[in-house]
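Engineer: So the chains spell out like this:
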Amino acid sequence: MTTTLKPVDAVLVGFGWTGAIMGQELCEAGLNVLALERGPWRDTATDFATGFAQDELRYMWRHHLFQNVSDDTLTIRNNTNQEALPMRHLGAFLLGTGVGSGGVHWNGQIWRFLPSDFKTKSHNQQRYGKGSVSDYDLTVQDWGTTYEELEPYYDQFDKLCGTSGKAGNLNGEIQPGGNPFEGPRSNEYPTPPMIQTYAPTLFGKAAAELGRHPFPHPTGNLSQPYTNPLGAQLGACTYCGFCEKFGCGNYSKASPQTTILPSLMSKGNFTLKTECEVLRVELTPDRKHATGVTYVNSAGEEFFQPAEMVILSAYVLQNVRLLLLSGIGKPYDPKTGEGVVGKNYAYQTMSSVNVFFDDKILNPFIGAGALATVIDDFNGDNFDHSGLGFIGGAYIAGMVTGGRPIEMIYTPEGTPTWGLEWKHAAAKNYLRSFAISVHGSCMSHRGNYLDLDPTYRDIHGRPMLRMTFDFTENEHKMSDYLTDRAAEVARAMNPREIKLNRRAGSFSIKPYQTTHNTGGAIMGDNPTNSAVNKYLQSWDVSNVFSMGAGAFPQNAGYNPTGTVAALAYQAAHEIKARYLKNPGPLVQA
Amino acid sequence: MPLTDDLDAQADARQSADDKHTADLDRRRFLLKSAAMAGIGGIAAAATHDGELGGPTQTFRGAVPWQEGTADAPPGASGSGYAFFAPAEAAFVEAAVARLIPQDPVGPGAVEAGVPFFLDRQLAGPFGRGDHYFLGGPWPKGTPEQGYQSRFAPAQYYRAAIAAIDKYVGANFDGATLSKLALEDQVKVLKGLESGEIKLDEGVDSKTFFEMLLQNTKEGYFSDPIYGGNKDMAAWKMIGFPGAHYDYKEWVSRHGEGVPYPTVGFKGRPGWTETSS
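Chains as they are written, first to last, in the working numbering: chain C, 1 to 589; chain Z, 1001 to 1277.
All the pointers check out, no bait thrown in.
According to the in silico footprint, chain Z covers these stretches of chain C (three or more CB under 8 Å from chain Z):
id, region
1, 62–72
2, 84–91
3, 260–267
4, 293–302
5, 402–413
6, 416–430
Which chain Z residues stay away from chain C? Per the calculated CB distances, all over 12 Å, these:
id, residue
7, Ser1078
8, Ser1080
9, Ala1083
10, Ala1091
11, Arg1159
12, Ala1160
13, Ala1163
14, Lys1167
15, Asn1172
16, Phe1173
17, Asp1174
18, Ile1198
19, Leu1200
20, Asp1201
21, Glu1202
22, Lys1231
Partial list, derived from the structure: chain C residues whose beta carbon lies under 8 Å from chain Z:
id, residue
23, Pro40
24, Ala45
25, Ala49
26, Asp55
27, Arg58
28, Thr271
29, Glu275
30, Ser506
31, Phe507
32, Ser508
33, Ile509
Since the hints were made in silico from the structure, they are not lab data.
Glycine included, C-beta positions come from ideal geometry on N, C-alpha and C.
Between the sequences and the hints, there should be enough to build the whole structure, so can you do that?
Structural biologist: Now the structure itself:
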């Protein structure tokens, strides 16, 4: 039996970064907003206090803050000739749950995509010819929005987080010490960059000697105390080395908890319900308007929550699944290339180079989620791709997020993974080695997509999401080329030895790579090529908005959160400026 | 778009900014009320604990909730002796992990670090039960890229694998078990599991089990001592990891210097409890 509740103006499905942003913006516009979060409430003092936050086993390996996949997971296969099988425990990516979700256990890497990244198709086609964007069955598209349009919203997110960094391009003028390749910024970062530890410093020196352009990674691990426009106060990072996969006990990593919730939770027109999972969006019989959502609470009771607007603010994979389960938008068919929901699923192409010294103590345990010196010389279209046979690129980062010993002991090429030889290598190298990270783009491909699994079902009886994905030749070529560029910097550091960890073979669900899943509810300039318009509004059901990296038509060589937040702010701005006065499509099809 | 009315009569829970001294009381009332509304009675439940799904539904409005005494403290191991391993299983595990991380003057072996006890408590608890594993069917074998595809939770997997390996050892080494073999033969068997060359019965895959055992062994070796391994933090001391410190600001720009902090775990370090003479 389903109980019908009192209507609200807007219901948020999921309460991580985009849920908190939309909640804040819509409440400020006077709307009654209800957020439904399937996980528990979480706050710093209770859930990740400094007395027990530095627990590698519990958080990283026992997944204490991550989604428990025991009653709901997804199925995976590399191509349509295979049978998709469930991801039975977390591996390649670490899905969030609970209040703050991935915004709690992210690294705090705050990037803007390049202006050319938003025109992946037209830009590359113009510079490298038609084949560059369709070779290997690539299905890349332009975003339907531009860097220039998003800049004010990137800026808004920087101010929310207090991002620590050094501008490389202020209103078109290149600044020393920053990233000279970035799009023009309207403002300097709110706080100065973090202080670099030994390994990133050595990386930066070597990169500069090679003629590259090193700069400090922009970060939401704050270099100094900061009070944001909502009045929330963040503290200075203590470099404890437990950001990534952990909650910050020190209030110094930007998260929904540290930046938005103190303001939003105290608003009388905002309500949050935890342990409530939305099963589907309900539509009118003509399927052109959403009437609200049906959800089930942890006691198994089902409710219909009427709402004027439905904001899908869960993770990419859940948003896409809810669109499919609710019949919003035409599902993508890889055979015909028609349909839009599930189309252009993409990921991130990761590789690394380990660097080993004899004579230098690096103290890798002194770290932070985004503590790195970076070069962007080979990202996006910052370099000439002529004759290389691929598009896209990566940032290359001399990065030390921490020295957590179960995960982060590096041993030289040829070392066994156990036995005395392994133990001796671990003892010898732990303090004297680190990893250069190659954070590569992932173009979209005709055969990479998301749909509903025909066999496996979750605890509520709903089909699981099915992921069909593999790296394409474009990605392998890009990654090999970029890994070689990283190795050049590694060698220029004059280490004892290096080890290249190339991106080889098919995508595997087993080893952790990154939780940067993108696409499946992509944005674009018309309903035949995309699920949502530039304001993340469904082309088919105009009172449904789908937030997050699902909107990326392909993935750039950067961490997604900055762009995810900017897209949410742009959507919120347009909803407040135009939609609330006159609900309906914000872009005419 | 019309704004809807206030949802319901929870407005009294709203924390008044100019009435700070009643804030805590209000907050407590608010939590009690939310809990009662959710039909669970009593104090609102703390955060969900390891491996548990479906904490009570809670409604939050008008304040940032916080409750005294609910810190989500880590679930350390307690007691002594084996709770999960039968004697034959314990003998297998003690022999196997001693080969994976042997003892020598450079640092502790896995047995000396307490890894068998760690494994026992892990397998006896939520991890062993597969509380974070999806175990529903069907269960085709899948490709290597699709990862773990067994219907067994880790504890079942260990139990089945240990029996199957000792059966293999018995058939190939004159009725022995792994722990009774010469050390070089133990290594030979482990290498055969690692490569997948040794095929096992009982629904277990040798490579899958080896990977799990090695991963869990390193977890026990390097995790905080509260979980039963890493005895005396000796594995951390061996590599130079200072443990659960949370402030290294002073050392960030002191490049190349060793950090002199003594190794510390969640329960401190021996120096904290020694009585001064």
